[in-house]
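Protein chains: 2
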Amino acid sequence: MSRGCAIGLDFGTNSVRAVVVDADSGEEIGTGVWNYAHGEDGIILKSGQPLLARQHPADYIEGLKCSLKDALQEASGCDAFSPDAVVGIGVDTTGSTPLPVDSGGEPLAFSPEYCDNPDAMAWLWKDHTGYAEADCITRAARRLRPDFLKKCGGVYSPEWFWAKALRCLRVAPEVFDSAFTWVELCDWIPAVLTGTASPDDIKRGVCAAGHKGMYNPQWGGYPDEEFLASIDPGLAQLRRTLPDAAYDISSSAGMLTSEWARHFGLAPGIPVAVGALDGHLGAVGSGIAPGTLVKIMGTSGCDMMVSRMDEDIPDVPGLCGIVPGGILPGCFGLEAGQSALGDIYNWFVNSLQPGGPEAGTHQALTRGAEAILPGESGLLGLDWHNGNRTVLVDQRLSGLLLGMTLHTTPAQIYRALIESTAFGARMIMERFQQYGLDVERVRACGGIARKNPLVMQIHADIMNREIEVVRSSESCALGAAIAGAVAAGRYECFGDALARMGATTEHVYRPDDANTGVYDRLFAIYSRLHDVYGRKGCRDGLYDVMKDLLSISEAVKEGIAPL
Amino acid sequence: MSRGCAIGLDFGTNSVRAVVVDADSGEEIGTGVWNYAHGEDGIILKSGQPLLARQHPADYIEGLKCSLKDALQEASGCDAFSPDAVVGIGVDTTGSTPLPVDSGGEPLAFSPEYCDNPDAMAWLWKDHTGYAEADCITRAARRLRPDFLKKCGGVYSPEWFWAKALRCLRVAPEVFDSAFTWVELCDWIPAVLTGTASPDDIKRGVCAAGHKGMYNPQWGGYPDEEFLASIDPGLAQLRRTLPDAAYDISSSAGMLTSEWARHFGLAPGIPVAVGALDGHLGAVGSGIAPGTLVKIMGTSGCDMMVSRMDEDIPDVPGLCGIVPGGILPGCFGLEAGQSALGDIYNWFVNSLQPGGPEAGTHQALTRGAEAILPGESGLLGLDWHNGNRTVLVDQRLSGLLLGMTLHTTPAQIYRALIESTAFGARMIMERFQQYGLDVERVRACGGIARKNPLVMQIHADIMNREIEVVRSSESCALGAAIAGAVAAGRYECFGDALARMGATTEHVYRPDDANTGVYDRLFAIYSRLHDVYGRKGCRDGLYDVMKDLLSISEAVKEGIAPL
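Going line by line, the protein sequences match chains R and F.
The opening residue of the first sequence carries number 1 in my numbering; numbering runs sequentially from there.
The opening residue of the second sequence carries number 1 in my numbering; numbering runs sequentially from there.
Any given hint could be a false lead.
Below 35 Å or equal to it, Euclidean Cα-Cα: the simulated DSBU-like pairs (lysine-lysine) are [what the hints assert, rightly or not]:
id	chain 1	residue 1	chain 2	residue 2
1	F	K46	F	K69
2	F	K557	F	K46
3	R	K65	R	K557
4	R	K536	R	K557
5	F	K69	R	K536
6	F	K547	R	K536
7	R	K547	R	K536
8	F	K65	F	K46
9	R	K536	R	K65
10	F	K557	F	K547
11	F	K46	R	K557
12	F	K547	R	K547
13	R	K547	F	K536
14	R	K536	R	K69
15	F	K557	R	K451
16	F	K536	F	K46
From the structure, some residues in chain R lie toward chain F, with a derived Cβ separation under 8 Å [said to hold, decoys possible]:
id	residue
17	A37
18	T241
19	G378
20	G399
21	L402
22	G403
23	M404
24	L549
One-sided excerpt, in silico: chain R residues whose CB lies under 7 Å from chain F [unchecked claim]:
id	residue
25	P50
26	H385
27	S553
Honestly, the hints are just simulated from the structure, not real lab data.
Where is the CB? At the ideal position from N, CA and C, for every residue including glycine.
The task is simple: from the sequences and hints, build the whole structure.
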């Protein structure tokens with residue numbers, strides 16, 4: 001077989017990364033990164049609305065052009081590379097990041113009328129404005145379609161497709177009415193690359209559809225119109241624009257158009273794989289397999305497992321989704337996650353910056369935190385600064401820290417914040433195990449996994465597991481490239497592709513016996529706080545405390561006396 | 001009557017203040033301050049033992065000399081003043097701050113053997129090392145002498161006399177055995193001034209004895225030997241060195257010695273009033289009377305009320321003491337307080353210093369906090385960074401903050417810390433009221449009351465009360481001077497003395513109707529957290545969480561695996 005390359009395109013929260021990968025070895029031979037130009041680090045915010053997070057789709061197009069050009073440029077410095085060697089392209093994006101498009105498949109934000117309207121842009125995964133709408137969908141499903149909920153952890157999240165569409169319908173009906181349909185970003189990029197002009201022809205990926213859109217072949221695809229109409233007739237109308245079938249990443253979404261081929265100096269007709277969410281393709285790039293928990297550790301956290309489809313799998317409360325083919329074709333994909341991980345450490349450094357610009361850096365705080373023994377500070381936190389995705393599926397939760405004395409130091413708080421995220425990670429792992437999904441291996445990728453030994457050692461100690469850090473710095477883009485290679489027919493199946501192209505192990509963090517005992521005790525306390533604040537069942541519990549404070553805050557900001 | 005002056009000596013946590021006051025008008029005509037030389041701001045700490053806080057008694061003598069010399073020097077610039085005009089001297093100190101003394105009344109710390117031994121120094125009020133010993137005393141009293149507890153809020157505090165003596169007995173028996181007796185600082189200073197060499201002759205003040213030493217005429221003074229022996233025979237031995245009677249501040253402890261008179265250029269034989277605790281004499285200086293709550297707001301907080309002795313008064317759970325003559329002769333004195341107030345704001349500024357030395361100041365944070373509406377931040381805290389004195393009487397509690405998001409700012413946290421202390425203040429006021437002590441007026445003194453309008457307005461809004469700030473910057477020393485004037489016979493009674501010498505009102509903070517409603521709601525949430533973490537009764541409560549974390553921390557620091 002001749003030498004071949006695959007391209008992976010990874011549309012992240014703040015930037016696009018393109019990689020050119022050797023389709024035989026998985027070696028990255030070219031990389032390009034482009035930071036989004038709009039808003040704050042690519043995120044469009046609105047003052048007084050901390051839950052809002054949007055992106056301008058123009059950034060995606062510009063980012064695609066610039067990052068891939070740079071990646072190909074770098075690859076061209078490699079002797080073995082030639083543009084003709086590119087056999088396939090794969091795409092991953094954040095999600096659920098849906099955007100409203102017109103009948104020609106153009107984002108509404110590209111029209112002069114809507115170019116400055118955040119409601120007409122892409123609704124970024126971390127946008128939580130639709131919390132009331134999500135609640136409304138959860139209640140309707142609980143009443144009418146309980147099965148829908150069982151596959152998405154029991155609660156529909158404000159981060160997901162239908163909650164965002166419903167929120168737009170309610171607060172910006174003119175935008176909603178102007179849209180022909182809504183498309184997930186991971187479906188829209190392949191449509192752009194393959195020149196799929198009609199929204200009816202856009203191939204929807206089962207990954208986003210299943211994990212975020214309540215799509216499941218078991219009940220015939222997306223939720224039925226009757227159910228959606230019971231929430232709002234507008235949603236039923238939106239449903240009519242969605243196809244009946246969605247595809248896994250072994251499928252091709254189409255061929256690269258000659259215009260794009262010319263633009264990049266590539267051959268036209270290169271297959272473009274059906275798109276998927278970044279975490280899910282990151283799990284693929286990191287070598288996911290039954291029994292392996294893949295943790296993607298960045299600003300937020302994603303925890304992925306797969307399970308053979310010939311084995312029975314229970315519904316797991318709190319998981320974001322159990323989707324056939326959602327991660328790896330032929331397996332159930334199971335997704336969990338933490339709404340904030342590195343974002344919490346970044347908040348402490350950037351917003352609190354204890355001691356100022358020199359003392360308050362990650363480096364300085366890490367040095368201080370390394371010198372503190374587990375349990376020594378007396379501090380314990382809840383890692384809910386951006387809500388809780390798994391296992392509580394509740395965005396109306398917030399951060400907590402307790403145990404402060406007049407002697408508490410910034411380094412102690414920094415360590416407690418790291419520990420709180422690791423307790424959250426253990427909570428997720430234990431949930432998988434409680435429902436029969438044995439976690440035999442833990443593999444980690446993402447910026448934190450590769451760059452932060454303290455965070456990783458604390459995770460190994462608290463989870464009491466070896467954690468294998470994968471070698472690739474771009475495992476999402478690598479996963480996308482692998483999908484591109486499979487869609488191009490370079491490999492029979494993902495198993496074969498992963499054996500050749502999947503990321504190897506760079507480092508293993510091993511739990512320190514001196515720490516695991518103390519952390520077991522602290523985790524027991526974390527679990528109690530978790531339940532008292534997070535679950536309705538507790539007597540004298542504080543389930544509504546964080547929610548009440550958020551409601552009061554919102555009412556005050558809107559000038560309404562909270563009663 | 002000829003012009004007269006009175007001297008007030010105020011031995012605070014970090015410094016001594018002396019004032020010379022016009023005994024007719026209360027006008028301060030001379031002030032002197034001396035900062036203690038030992039330790040950190042006068043407090044001797046021990047690394048790895050955050051609960052320990054001691055003071056070297058040499059600082060008291062040096063502070064007495066320097067501050068009074070300066071005060072007299074300043075007063076001498078006043079035409080009307082002459083050294084002969086000084087009619088009386090009063091003394092207040094922190095407390096319970098007991099020190100072990102030998103049979104000559106000398107502090108053990110003055111001997112070469114013990115001069116560097118913190119256990120032989122004064123055990124400062126905020127020393128919490130005796131928490132287990134306090135618990136032991138509480139349990140013994142609950143079993144054998146329940147009445148003892150009823151008058152001190154139901155729980156004996158580690159900050160108090162017997163807990164400290166017992167702690168010393170257990171951890172430094174050689175020090176305990178070398179001591180002839182233990183004397184409260186507020187009793188020791190008058191003994192020094194009046195040359196009372198034999199410890200048997202030291203007049204003990206009912207203020208410290210009653211509020212901190214379980215002294216009550218109802219059961220014949222200090223606790224009986226049998227009870228103390230049931231805890232430890234050493235305590236019974238200590239009891240035998242204590243007198244049967246204690247005196248209120250209208251009594252004289254004796255006359256100024258000729259040595260001291262010569263040293264200061266005063267007439268010998270000036271009456272020195274029996275000493276009392278600083279908060280209590282601060283309440284006197286601020287014009288305490290039945291129906292008036294006096295708040296002393298500094299690094300920690302003291303909340304004082306008095307009640308006529310001809311009226312029945314119930315036992316109030318959680319109060320530090322109900323003592324006949326404890327504050328004002330002829331009235332029951334009721335003491336409550338907050339273990340940390342300004343100390344919490346100082347911790348945030350000094351230890352966290354968000355944004356560095358310029359952004360992280362009180363001034364900058366106050367500016368930011370002023371712009372935040374009540375309820376807007378979504379934050380809520382528990383003000384227990386130094387434990388909870390009233391109403392839970394539990395030093396094994398710690399600080400808590402919840403509601404953090406990725407958008408939380410330092411100014412929001414600063415405001416939430418201030419609000420948490422004001423919720424704590426309201427909790428105390430409501431406790432007084434629940435037990436029939438109507439709070440008709442609130443008067444405030446101390447550094448925070450006079451210097452921090454934001455803190456005071458938040459207190460007025462949260463307590464929903466007008467707060468009158470007294471004019472004197474030295475209300476404790478003023479109260480001491482008033483006691484000196486009364487002890488000298490300058491006035492028949494404190495009522496007369498206060499009418500002439502008591503501090504006037506400088507400013508009144510009035511609750512803002514726009515804020516009280518939101519704060520009522522937040523206070524309800526604070527109350528729930530208060531009970532869930534602070535009381536044993538709650539089902540699924542978190543009563544042991546903060547205590548467990550402290551125990552784990554202590555075990556880890558001592559190198560013991562916590563199990």
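Hint consistency between K536 (chain R) and K65 (chain R) [alpha-carbon to alpha-carbon, up to 35 Å] | Status violated; Cα separation ~49 Å.
Between K547 (chain F) and K547 (chain R), is the straight-line Cα distance small enough, at 35 Å or below?
-> Roughly 27 Å separates the two Cα atoms, so the pair holds.
Minimum Cβ distance from G399 (chain R) to chain F below 8 Å?
-> holds, 3 Å
Hey, does the L402 (chain R) contact hint survive, CB to chain F under 8 Å?
-> holds, 4 Å
Below or equal to 35 Å on CA atoms is what counts here, so check K557 (chain F) against K451 (chain R).
-> Holds. K557 (chain F) to K451 (chain R) sits at ~29 Å (cutoff 35 Å).
Given the hint that K69 (chain F) pairs with K536 (chain R), test it: the Cα-Cα distance must not exceed 35 Å.
-> This hinted pair is violated, its Cα atoms lying about 65 Å apart.
Pair hint K536 (chain F) and K46 (chain F), alpha-carbon separation not exceeding 35 Å | holds, 32 Å
Classify the hint on L549 (chain R) as holds or violated, based on whether any CB of chain F lies nearer than 8 Å to its CB.
-> holds, 5 Å
Hint status (Cβ of P50 (chain R) to nearest Cβ of chain F, threshold 7 Å) | holds, 5 Å
Supplied contact hint for A37 (chain R), tested at 8 Å Cβ to chain F | The hint is violated - A37 (chain R) has no Cβ within 8 Å of chain F, the shortest such distance being about 22 Å.
Under the criterion of a CB-CB separation shorter than 8 Å, is G403 (chain R) in contact with chain F as hinted?
-> holds, 5 Å
Against chain F, with CB atoms and a cut of 8 Å, does the hint on G378 (chain R) hold up?
-> Where the cut-off is 8 Å and the nearest Cβ of chain F is about 4 Å from G378 (chain R), the hint holds.
The structure is inconsistent with the numbered hints 3, 5, 9, 11, 14, 17 and 18, although it conforms to all the rest.
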